[in-house]
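Colleague: Single-letter residue listing:
Number of protein chains: 2
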Amino acid sequence: MNPPTPPRRRPGGRTARTRAQVHDAVLAELGEHGYDGLTMDAVATRAGVHRATVYRRWGDVGGLLADVLDAASDDDWRPPDTGSLEDDLAALNQEIQDAMTARPPIMAALIAASFRSEQAARAQQRLWEDRYTRCEIVVARAALRGELPPHTDARRLLIAATAPLYHHLVLLRTPHDRLLPRHAARTAALAAAAGAFAKPPPTSGA
Amino acid sequence: MNPPTPPRRRPGGRTARTRAQVHDAVLAELGEHGYDGLTMDAVATRAGVHRATVYRRWGDVGGLLADVLDAASDDDWRPPDTGSLEDDLAALNQEIQDAMTARPPIMAALIAASFRSEQAARAQQRLWEDRYTRCEIVVARAALRGELPPHTDARRLLIAATAPLYHHLVLLRTPHDRLLPRHAARTAALAAAAGAFAKPPPTSGA
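Same order as they appear, the protein sequences are chains P and D. Under the UniProt record's numbering, the first residue of the first sequence carries the number 1, and numbering increases by one thereafter. Under the UniProt record's numbering, the first residue of the second sequence carries the number 1, and numbering increases by one thereafter.
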């Protein structure tokens with residue numbers, strides 16, 4: 001859910017440094033020029049890496065984007081922990097809104113690129129899967145606090161809470177609404193309390 | 001929300017017939033080849049219309065797509081009227097799911113094209129605005145039946161009900177889930193009954 005950021009420099013030698021430089025260059029080029037302006041040569045030049053290395057290692061622009069997206073999961077991001085379900089979801093939605101409206105529009109450009117490259121699309125799916133999985137603890141904590149009915153389906157709740165953000169910001173492209181993160185969070189929390197995300201309880205008597 | 005379909009032939013002379021032929025050709029080309037395979041020349045050939053006419057009237061591929069999307073509003077589509085809010089929303093979501101997963105994938109291709117052409121993106125926005133406006137009667141009828149608290153914000157309710165469909169089908173690209181239309185409808189209906197879409201919105205902790 002949080003924006004892909006340039007991977008942190010890690011100790012790890014020349015290969016890791018090259019990868020980090022190339023990722024930084026991809027994000028910078030994408031932010032400045034969008035998918036249509038993203039070329040292997042521009043990335044190589046900006047990264048200060050041999051063209052041959054970039055072609056050999058990443059193949060094409062789709063391969064570059066997929067690697068950037070996969071690297072975005074390689075961080076220690078955790079969802080907010082505010083002490084209430086609605087506030088956790090609102091803080092999460094605020095992160096999404098901030099990322100989607102950031103300048104340069106890197107996250108928006110990555111999502112747009114996923115409509116151009118099948119490889120990038122699959123990597124974007126993996127990144128969302130990673131983020132939603134990490135967010136399941138928000139629902140687990142709310143259940144432990146007694147805020148939720150038993151057997152609440154965490155994934156469905158999280159999708160319901162965040163989907164209006166993506167719908168407004170990516171597809172409907174509506175004007176900025178600073179209340180949107182809170183509204184969507186509150187809607188999902190109210191629906192959850194009303195049992196909207198109940199899973200059929202286990203049938204085995206467990 | 002329903003898929004753009006080839007506009008019905010109307011009496012209206014040669015200009016209207018040409019437009020209808022060109023729209024049909026755009027949808028067919030888009031369904032077969034996607035945005036990347038959509039060219040002015042292929043559309044002209046398929047429509048049996050002079051290339052010069054197509055260029056003069058629509059300018060470029062973005063202009064063609066925008067006109068197709070604008071024409072999609074020129075129909076008599078109405079939202080379902082089943083007698084209950086949840087069922088209306090579920091039927092609406094079913095229409096969205098059917099349209100988004102149809103073969104050839106015309107609606108999906110139009111949405112993808114909106115990331116390529118600013119003109120198509122604005123037309124897609126107008127189409128959604130038209131559809132959501134037409135759907136507001138679903139909420140008005142539910143209010144008259146006493147299913148909703150007074151002063152329910154119809155647009156926010158409709159976005160909440162439909163956003164999970166678009167999020168799953170357009171962005172997350174998750175496998176087909178036949179329960180999704182009903183789940184998203186029930187979630188929105190439960191949230192609405194709990195006052196999630198009250199105008200003015202409830203303040204947090206109220």
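Take these hints with a grain of salt, some might be off.
A pair holds if it fits inside one copy or across any two, identical chains being indistinguishable in the list.
To be verified - Simulated crosslink set (SDA-like; lysine to any residue; CA at most 20 Å straight-line):
hint	residue 1	residue 2
1	Lys199	Thr174
2	Lys199	Arg178
3	Lys199	Asp81
4	Lys199	Asp177
5	Lys199	Gly63
6	Lys199	Glu118
Since the hints were made in silico from the structure, they are not lab data.
Colleague: Tell me the numbers of any earlier hints that the structure contravenes, in ascending order.
Modeller: As far as the earlier hints go, 3, 5, 6 are violated by this structure, in ascending order.
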